[in-house]
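Peer 1: The lines below spell out each chain.
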Amino acid sequence: MERIELTAAWAKGQEVLAEVTKESGVRASKCYQCGKCSAGCPVAFAMDKTPREIMRLVQLGLMDEALQSHTIWLCASCDTCSTRCPREVDIARVMETLRIIAKRKGSVAEKKMDLFHDLFLKSVENNGRVHELGLILGFNIYGMQPLKDAHFGPSMLLKGKLSPLPHTIKDNGEVKKIFANVRKRGGKL
Amino acid sequence: MKRVGVFICHCGTNISAAVDCEKVAENAKSFPGVAYSTDYKYMCAEPGQELIKKAIKEQKLDRIVVASCSPRMHEPTFRRCIESGGLNAYLLEMANIREHCSWVHPDDKERATIKATDLVKMAVAKVMQNEALVRSTIPITKRALVIGGGIAGIQAALDIANTGHIVDVVEKEPSIGGRMAQVDKTFPTLDCSACILTPKMVDVANHPNVNLITYSEIEKVEGYVGNFDVTIRKKARSVDLKACTGCGTCIQKCPTKVPSEFEMEMMDRKAIYTPFPQAIPNKPVIDRENCRYFKSGKCGVCQKVCPTNAVDFTQEDELVTERYGAIVVATGFDLFDESVYGEYGYGKYKDVITGLHFERLLNASGPTMGKIKRPSDGKIPQNVVFIKCVGSRDEAKGKAYCSKTCCMYTAKHATLVREKIKDSNAYVFYMDVRTPGKGYDEFYTRTTDQYGAKYIRGRVSKIYEKGDKLIVWGEDTLLGRPVEIEADMVVLATAMVAKADAAKLAQMVGFSYDQNHFYTEAHPKLAPVETHTAGVFLAGACQGPKDIPESVAQASAAAVKVCGLLSKEEMPTEPIISAVNEAICSGCGMCVPVCPYTAIDLKVIQERIHGKTVSRKVANVNSGLCQGCGACTVACRSAALNLKHFTNEQILAEVDALCL
Amino acid sequence: MKYAYYPGCSLSSTGVEYDISTKKVAKSLGIELWEIPEWNCCGASSAHLTDHLLALALPARNLAIAEEKGLDVAIPCAACYARCKATEVEVRNSKEMQETISAVIERQYTGKSQARALLDVFVNDLGLESINTLVNKPLKDLKVVSYYGCLLVRPPKLGFDDAEDPQSMDKLIEALGGTPVDWAFKTECCGAAHATTKSEVGFPMIEKILTAAKETGADCIATACPLCMSNLDMRQTQVGAKYGQNYSLPVFYFTELMGIALGINPQELGISKHFVDVSGIVKKLNEAAGRRDTA
Ligand SMILES: Cc1cc2nc3c(=O)[nH]c(=O)nc-3n(C[C@H](O)[C@H](O)[C@H](O)COP(=O)(O)OP(=O)(O)OC[C@H]3O[C@@H](n4cnc5c(N)ncnc54)[C@H](O)[C@@H]3O)c2cc1C
Ligand code: SF4
Ligand code: SF4
Ligand code: SF4
Ligand code: SF4
Ligand code: SF4
Ligand code: SF4
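Protein chains in written order, with the working numbering: chain A, 86 to 274; chain C, 204 to 863; chain D, 1040 to 1334.
Hints in this document: simulated from the structure, not taken from any laboratory. Note that CB positions come from ideal geometry on N, CA and C, so glycine has one too. Be careful, since some hints might not be right.
[What the hints assert, rightly or not] The list that follows gives simulated cross-link-like pairs (lysine-lysine, DSSO-like), each with its CA atoms no further than 30 Å apart:
1. A:Lys134 with A:Lys190
2. D:Lys1063 with D:Lys1151
3. A:Lys244 with D:Lys1322
4. C:Lys669 with A:Lys134
5. D:Lys1108 with A:Lys261
[Stated by the list, open to error] To spell it out: a stretch of chain A is covered by chain D in this simulated footprint if at least three of its residues, at any positions, have a beta carbon under 8 Å from a beta carbon of chain D; those stretches are:
6. 126 to 138
7. 153 to 164
8. 179 to 188
9. 263 to 270
[What the hints assert, rightly or not] Incomplete in silico selection of chain C near chain D, CB under 7 Å:
10. Gly545
11. Glu546
12. Tyr667
Generate coordinates for the entire structure from the input sequences, incorporating the hints supplied.
Peer 2: Next up, the structure:
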């Protein structure tokens, strides 16, 4: 394993660390590395780093490694970790913040999962609501797996669960404006 | 002409790093009344004190200002110093230029120096008004009270009694012994707890100078050091201790079963019971809440079978008041209520237990006769998981502090699992292993190396039942991987917390406690067994988590303090008390209810006015009770009350010095 | 009792039966639901993975509309509820955020109108006793594991129930005459959209929950979230096939169970829209009711 020179790494990570602290409202130094978060995390089995290890990377300023991890994308935002942390660290919020920053920096380890959220929001922006059929079709087409889950389609249509046309709200201007206003304030959507 | 000497201390660099001490000394020379001013590196050290004494003589100084640290620590030092230099101790003032100046203004030397100069100026103005005060004396009652009969209380009582003083031990429970009686073996030597505790219990019970007052509580405390008047409630035991021979027939025949507190409710006791076989006094008590006779008026079996007619249903609580010279508080600890850990299923899963339950499972007279068995089905567990720091070091659900003893007792438990159960596994989930202490770390090393307990660094997140197993989810943080154990039993090392009624007792006796309700020592380093209240001392886990050796050491230390006090016939009292100017006192009585120490009453005086004798009421301050708090002085509308050493004139002189 | 009603996107598509049953049950319990006109998507998980402000602004618009009406908002979907609750609390606790949000949504929202989980409204506002008295077709002998999902009772400081061992749905089942079955997976996460976006992660999460539910011997699962529903119900056969299991474990919205117990025709509640067959259970309950009627 490569040896990390900690002082240089710390200096390099400062800028992003400051962003994480500000945007998440979490001081990583509060974490005492007990691992309770990771012990209960329902997705830990699939992660490349446990949530505690992400906290450790942040504590040491090893931000690139944290931002490039799959963990931050696999996190299901279930809040189990934050609910049980003995130091009241809101880890779920740290995960969320790292994802947002990773996306801003264009370093997205799980492109497909990110794609889903993009399409989701696009649907919201265009229609005011999510058009689930459109979302699933789009996701599977853009995600290069056009037949995935396709077998649910017919029965869903039959059960009245998917409508072929998007639900839109009459005055979608208001929602479009919300997106525009968030962009104006620096939101990268 | 008054001649004030000013002495500026550097406190090493504690003060001088932020304050220009030479300059302050120089500035002080121009203050009215100052005849001499100098600075020195350590004023409280021997050479510093000599410097002051020499200056008193050579410069003919008649009052002194020392500008240094908080008076809390060194005011007595400097008072002694000027006294041996020939001045009255109260002709001293201290200016606190450390806590009030250098420590809070480390970055601005220029302005800190100005502030220090101001503080000295005020002290000089005040000391100019100081008067010589004379201490009076109060008698000391040569009898000590120990509250709590755990190992700490027992040790303190024995040590005090052995010097020839009389000690009363008040214990809330029917027997003395405390938690140590519940513990099976003791780390780090694994000697049996009862074997080392029982002889001490017997010694204290048989000691001619000790009175055990069990099943009793403190009801009221009045008075002050040397003369505490304590009212004790002796709860009705329903058994006449003199008549009872401790034969136990009543216990055998009593039909009512109640879960035993001593056995952590894993075993039953009777409604008439002694908490454990080695109890002292080894005579039963009736638990009136559960006894049939008291609930329904029927039964009375115990009374019928008692050969000495000792059972007495008509007994009532008895209040006795006794005077003591000193009090040792040794009320011990409780265990954290771990039911807040829903994720561990405590209370829901029978085989998730606490360390104290586990002690009882280990104990030969416990519910399983010393065989480690699961409470749910009595099976011998193969995989036992221990979780440390439950309720400790947990701001979210528990206490922020470390409970200090649980790392060691968990190592003890893991060792005993491996020793007692063949082919067993003992897993210990830990965050840190904290085993400083003589022979302690070696003990821990043996637990892993010799006994093969598996230590896993990580805090458990969840426990759930699957079939008859308990599934434990943790992370091995050293591997960075989630791990799971199919356990047969889980033992939680729960935090040591203050007694539920700790605050109440402290308020009653009149001493302070911290945010966790542990009792506060007078100084964390230099006065660890004293409280801020003279004559009240601390021993054992009531002051903070402690193991047996520490509790015993602290108890002996407290005993020495008590003996020191009781060895005197009388002690000097602080003369800084309130004084009444009877000429202007209107006798309105406003001050009487204001005094928190009930030191003021009204008395009648005779006066001659225009040749006639008239009598009128005026306030009267009891010099033994007044603590010099000053509350009365602000309540008095006629300004007839003045606190000596902090008179209105003195305070105003300080204000003037600063503002004019 | 009157609440603003925010169904959320899923309830007009995959979770349509949740919407149907909610409205029917509310009506028969005398609770008035005023559906927020032209409500918009709350952004669910996607917005708060993308931009924090957007994640607050989207729910805030709906809450603002309810606030104008002076109503609290009853929300069936656990995910929508969690987003709305987070918004409400953040806006209420910070004047600055209140101003920012109001500027972004171009409406006034102060945090006064509260986000309430539909389960909370039924159990704590209406009360179990009132519900119990209205039951005319008790869920006799029906063993139900309540699956709250991860978001409904978290974070603990904002929750209406214990975050580790919630009880409200269990108590509700009991009030409906059913038998709540205790289990340890009440709040384990089902993986949300992972089943769609990354099935190799989402499926094992679903598998663990279904297996645990099956092991309790329960007849069915009750849930309070459309996403949980589609993971446990729609994907049940698919997940079963992958792990060689045949769970055959019907999943209900708790509102459907309420509807059945209140005597509403199950078909009217939309239960035919489920993927896992529920007819066996319905039949069993009908028979029990029939026996009772004739007895
Ligand atoms: C599971 C476990 C295992 C342990 N194992 C070990 C070990 O192996 N080795 C070791 O060194 N230490 C061990 N300890 C620590 C040990 O128990 C304590 O150090 C010791 O009991 C402290 O003694 P104490 O007298 O201060 O308090 P306690 O033992 O708590 O005694 C206090 C006494 O005061 C009485 N009391 C309380 N309030 C009042 C009141 N208001 N009025 C009158 N009486 C009152 C109580 O009834 C009790 O009898 C263990 C602790 C636990 C929890
Ligand atoms: S639970 Fe909290 S303290 Fe423990 S490792 Fe996770 S973030 Fe750190
Ligand atoms: S919020 Fe994310 S990191 Fe935390 S427990 Fe859930 S999945 Fe794991
Ligand atoms: S007198 Fe106080 S300030 Fe001076 S050296 Fe001693 S401790 Fe320090
Ligand atoms: S009178 Fe009470 S204590 Fe005595 S035998 Fe009956 S139940 Fe037991
Ligand atoms: S039977 Fe009488 S003498 Fe014997 S233990 Fe009981 S009370 Fe005491
Ligand atoms: S002594 Fe050990 S187990 Fe106990 S609180 Fe401290 S670190 Fe935790």
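Peer 1: Would you settle whether the hint for Gly545 of chain C is holds or violated, based on the nearest Cβ-Cβ distance to chain D being less than 7 Å?
Peer 2: holds, 3 Å
Peer 1: Does the structure keep Lys134 of chain A and Lys190 of chain A at a Cα separation of 30 Å or less?
Peer 2: holds, 20 Å
Peer 1: Given the hinted pair Lys1063 of chain D and Lys1151 of chain D, is their Cα-Cα distance within 30 Å?
Peer 2: Holds, at roughly 28 Å.
Peer 1: Examine the stretch 153 to 164 of chain A: at least three residues should have C-beta closer than 8 Å to a C-beta of chain D.
Peer 2: holds (count 5)
Peer 1: Does Lys1322 of chain D sit within 30 Å of Lys244 of chain A, going by the straight-line distance between their CA atoms?
Peer 2: holds, 21 Å
Peer 1: Is the listed coverage of the stretch 263 to 270 of chain A by chain D valid when you require three or more residues with a beta carbon under 8 Å from a beta carbon of that chain?
Peer 2: holds (count 5)
Peer 1: Quick one, are Lys669 of chain C and Lys134 of chain A close enough, alpha carbons at most 30 Å?
Peer 2: holds, 28 Å
Peer 1: Please work out if Lys1108 of chain D and Lys261 of chain A have their alpha carbons no farther apart than 30 Å.
Peer 2: holds, 23 Å
Peer 1: Closer than 7 Å between Cβ atoms is the bar; does Tyr667 of chain C clear it against chain D? Give me holds or violated.
Peer 2: Status holds, d = 3 Å.
Peer 1: Do three or more residues of the stretch 179 to 188 of chain A come closer than 8 Å to chain D, measuring C-beta to C-beta?
Peer 2: holds (count 5)
Peer 1: Would the hint on Glu546 of chain C stand, with a C-beta cut-off of 7 Å toward chain D?
Peer 2: Holds. Min distance 5 Å.
Peer 1: For the stretch 126 to 138 of chain A, do at least 3 residues have a Cβ located nearer than 8 Å to some Cβ of chain D?
Peer 2: Check passed, 4 qualifying residues.
Going down the numbered hints, you'll see the structure goes against none, and every one checks out.
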